[in-house]
Amino acid sequence: MAAISYDSVAVLKNFADRQHITYSLLSDPESKIIHAFDILNETVPKGTAQYGIPYPGTFILDTQGKVIAKYFEDDYRERISASDILVRQFGKSVDVQGDVVETKHLRLATGASTPTARPGHRIVLSLEIDLKPKMHVYSPGVQGYIPIEWKLEAGTLAKLHAFEYPPSHQMRLKAINETVPVYQGHLRINREITFGPENALKPLVSSSGELILKGSLQYQACDDKKCFIPQTVPLEWRFHFEGLDRERTPADLQRKPR
Amino acid sequence: MTNVTYMRKKCWLFALSIAALYGQTVKTGPDVGQPVPDFSAQDQEGRQQTLKSIMGVKGTMLVFFRSADW
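Those sequence lines, one after another, are chains C and G.
Here the first sequence is numbered in the working numbering, starting from 1 and rising by one per residue.
Here the second sequence is numbered in the working numbering, starting from 1 and rising by one per residue.
Simulated from the structure, these hints should not be mistaken for lab results.
With a cut-off of at most 35 Å between alpha-carbon atoms, the simulated DSBU-like pairs for lysine-lysine come out as follows:
(1) C:214 <-> C:92
(2) G:27 <-> C:151
(3) C:32 <-> G:58
(4) C:134 <-> C:226
(5) C:202 <-> C:151
(6) G:27 <-> C:202
(7) C:70 <-> C:13
(8) C:104 <-> C:214
(9) G:52 <-> C:13
(10) C:256 <-> C:202
(11) C:70 <-> G:27
(12) C:92 <-> G:58
(13) G:58 <-> C:66
(14) G:58 <-> C:13
(15) C:66 <-> G:27
(16) C:256 <-> C:70
(17) C:70 <-> G:58
(18) G:52 <-> C:46
(19) C:92 <-> G:52
(20) G:27 <-> C:32
(21) C:66 <-> G:52
(22) C:256 <-> G:27
(23) G:27 <-> C:92
(24) C:32 <-> G:52
(25) C:159 <-> C:92
(26) G:27 <-> C:159
(27) C:214 <-> C:159
(28) G:52 <-> C:70
(29) C:202 <-> C:70
(30) C:256 <-> G:52
(31) C:159 <-> G:58
(32) C:32 <-> C:66
(33) C:132 <-> C:151
(34) C:13 <-> G:27
(35) C:92 <-> C:66
(36) G:27 <-> C:46
With the rest of the complex left out, here is chain C (with noise of 0.2 Å):
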């Protein structure tokens, strides 16, 4: 793989040795690459140190250098992460793992793609639920119970993206001559989250620089001969939060306006 931008060598080179960054970044410092793929940011206004920068974006190409995929946001400030693209493009598992909450009905696995929390950056989530034996729960959509639901306090935290459920199968109750749909056995829920800016995400870190994300599961369990209380289960995602990188490269390598 390798990075863009108009950064020149000395800069690039600077951030690489800093950061400790192996994989090539090429320096394009006439825009003609980010000018032939066409997304120059046009609206910077020319004769600033800042014209010549792209929307940032990623692009996954094929051996031929076809697009298979790619990833541009609307605000420059939110960036889908490396762990969501290796979740979400090449199947990698969400396997940060967190908290196993147990009640008489299931137990239930919080996951992260990432342990760490970084403004504007969108991840995933994940929700392991392991149904006991003979236990069934109901999916959105149903009449007369009460679904699942996956419910999030993102706050000023997070952006909530929209998700699926998981496909669910029929089952018949047979005392009562009704078909639903449930979830019996293992399932898993996988969903999105943007972290919000800098400044909302600071005032929620603690002084150990942990940062939570609190949530629940509600659910109705049934068994085969009756049904049981609906009950909310409180959940956590906790992060190591980091902020964004501050430092610039030394006076005399930064860019001037041309």
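Dock chain G against chain C, hints included.
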């Protein structure tokens, strides 16, 4: 023009003028399925790189970012 075509043309022109006013439509370059332009550039070690040289066995990833400095 039928009524439907006229309304659609009006909506399209309206959307275009709003976009022009804000000038904020993000440009995102080549679409999925399209080839990207070839390129040649120096990396941080002064090595010349092209699309071919950064290509891996299964493909490659190109990340455009605004600046390593600010």
